Amino acid sequence: MKSKLVLAWRNIWRNKKRTYITLASIIFAVIIATFMRGLQLGSYDKMLYDAIRSSTGHIALMDKSFWDDKTMDNSMEFSQDLEQVLDQDQSLEFWVPEILGGCLISVGNNTRGVVVQGVDPEKKDAQIRLREKVIEGSYFESEDQAVMLGKDLASFLKVGVGDTVVLLGQGYMGMTAAGTYPVKGIYDHPMADFNRRLVFMPLAAAQYLFFMEDRVSTVNLVLKDQGDIRQETALYRSRIDTTTTEVRNWESMNRDMLSAIESDNFFGKIMIGVLYMVIGFGIFGTILMMTMERKREFSIMMAIGMQDYKLITQVIFESVFIAAIGAIIGLIISFPVVYFYSLNPIPITGENAQIYRDLNMEPVLSISTKPGYMVAQFGIVLIISIIASIFPMYNIMKFDIVNIIRGRQ
Amino acid sequence: MSIIHTHNITKTYNPDTVPVHAINGVTLSFNEGGFSAIIGPSGCGKTTLLNMIGGLERPTTGTVEVNGETINTKSKRALTEFRLKNIGFIFQAYNLIPVMSAFENTAFIMELLGWPRDKIKSRVMELLEAMDIADKAHQRPNQLSGGQQQRVAVARALSTRPKFILADEPTANLDSHATGNLLDMMLKMNEREKTTFIFSTHDDRVMRRARRLIKLDDGKVVDDARS
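So the protein sequences, as listed, match chains X and P. Here the first sequence is numbered in the numbering used here, starting from 1 and rising by one per residue. Here the second sequence is numbered in the numbering used here, starting from 1 and rising by one per residue.
Keep in mind the hints are simulated off the structure, nothing from the lab. You may find that some hints are simply not true.
To be verified - Pairs of lysine-lysine residues, derived as BS3-like cross-links and limited to a Cα-Cα distance of at most 25 Å, are as follows: (1) P:Lys74 - P:Lys85; (2) P:Lys163 - P:Lys85; (3) P:Lys76 - X:Lys4; (4) X:Lys295 - P:Lys76.
On a predicted model such as this, the values are computed, not experimentally measured, just so you know.
Next up, chain X with everything else stripped away, as it sits in the complex (with noise of 0.2 Å):
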C-alpha cells in the first residue's frame, strides 16, 4: 500500500503544470461548492431557528381542534401542575404560554386587524429578545395592563408612548373582548409582520381581555438539545390530557416552510452539480491523458507481469490522490472564510432587506458551519474522481500490449 501511494504520488507530479491546473480547479470548485452550499443551508437553518425560536417552539400544547382552527374557543387549560413540570424540565431552554386571538386596533380614525399575543414579558424577551428591540418608551412587565406595538403599527395609528389605543375583539365562548391600553413601548422588530401586525400584552392582561382565566392557546417549548425532542413528545404525552390536547413537534408546524426548503435545496444541489461535473471532466482529462501518455510503461508493466486490475487500482490513486490534495486545500482555504461570516452574517441592505422583512425573515445572510456539508464536498470530489477514471481503466484493460510495446499504437 505504501509503495502504491509513493508511486501515484510521484506519478501526478510528473506533469507539474497539468496537476497545478487540475489542482486549482479542484480547489476554487470546493471553496465555490463550500460557499453556496453553506449559505443555503445557513439561511434555512436561520430560518428554521428563527420559526422555531420565535414562533412555534421545537414542541408545542395545544388543544386538539386549534391548529386547524385558531380560536379562543379551541384554547387549552393550562394548569398549575402543568407549569411545574415545564418548570422543573431541565431538557428545556425555555418555555412561553401565549394567547393568540385576533382584534381590531383603533385610534382615533385609523383601525386595522392585529393580532394580540398574550405573553410572560420575560419569557417572551428570552424568545425573541424583545426588550433590545424596544426604541421608545420601556418593555412591558408582568402586572402592566398596557400594550407594546411594532414602529409601523405606531406609525399608521400616529401614537406614541403613553396614548391610548382600543382593541376590539371576540373572546372565549363568543364573549365580546374589549379594552383601552396604554402603549407602554414600541419597538422595531427585523420581520415585517412584528412591526405591522403584532400587539405585544402581558399574558394576565391578554387572559382578561379574553375572557380565557387559567386558559392559554399555545404552550411553545424551546429545547436545549434539538435531539430530545423524541423523548419531550413523549414525556408531555404522559402528562397532558390527550383526549383533549395534543403535543405537536415542530415539523408538523412549519410544514410549509419545510417544503419550500426542500424545493429550494432541489435547485442548490443541481447547481453544485453543474460545477462539480464541470470539474469532472477536467478531473477525467488529467486523468485519461495521464493513461494515454503511459500506455507504453503500463504494456510493460503488464508484459513483466503485472496484472491489469493492479494497474487500474494505481490509476484509481493517482485520480483520487489529486481530487483529495484539491479538495484538502479547498477546504482549508474555505473553513475560515465561512467560520468569519457564521460568526458575522452579511446583512442586506436596501430594496432587498425589505424584500427579506416581507418575507418575516431577518435581512441577514447567514452560513452554516456544520461540518456534514463540507465533509460532502471531500466525498463528492473523491467519488468524481473514482468516476473519472472508469473510462481511462476500461482502456487499460483493453490494452493491445504487444502492439504497443512494439510502438504500433
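Following the hints, complete the assembly by docking chain P onto the known chain X.
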C-alpha cells in the same frame, strides 16, 4: 533438458483482410542454461517468435510448451501470472519506470510477487553489484546512461531467478563498449545462475557470443547452428 518447445507454430496477422504470415511452422526446443540468439533480417519474425515463447502473443496454430505445460491455451490473467513467475523480459528501449529509482525498478517484480522487504533489498543489491551499478541504486532512469539503464533492465529481468530470459534486441541502442559490458554481465549470470537466455538480434557482437544461432527468414527457421 528442454524447457521450451514450440511445435509447428504459425502466426498470421489480419487473417480476414490482407493476411500476413509472420511465422510459418516453427518447431524449436530450448535447453536449460542455453544462451541462444534468434537472428535474421528485419521483419523475418524474430520478435513475434520471442513474444509467442514468452506468452505475450498466441500462435495462430501450433503449441508452445514450457516445462511440459502448454501456455497458449491459458487465459489472459493466467498468462500474466505465468510471465511473472517464469520469464524475465529485456526490451530494446530499456523500458524502465521513470518515476522509480534503479533500486525500485529492480525490485518491481519481486514486489509484485510479494517478497519480504529484507529479501528484496539483499537481492537487489546483489544484482546491482553484479551489474556494477550499485552506486547508482537511488538514481532514476533519466540520470543513467543507456548502458546503465539496460543493466538495470537486466537486473530487473533476473531478479526473481526466472527459468528463462527473453531479450528483444537488447543491445540495439548501446555503443560497442556498453554492449560488450552488458553481454559479459549476461554471460556471467547465465553461468552463475544457470538462467536460459534467448535473444532476438541482428547485432554481430551478440551473435559472436551466443552458443546457438537460429536463423529465421520469412517466418521459417532456415538455419539452427550450435557451437
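Each hint tested on the structure:
no., hint, result
1, P:Lys74 - P:Lys85, "holds (14 Å)"
2, P:Lys163 - P:Lys85, "holds (9 Å)"
3, P:Lys76 - X:Lys4, "holds (23 Å)"
4, X:Lys295 - P:Lys76, "holds (18 Å)"
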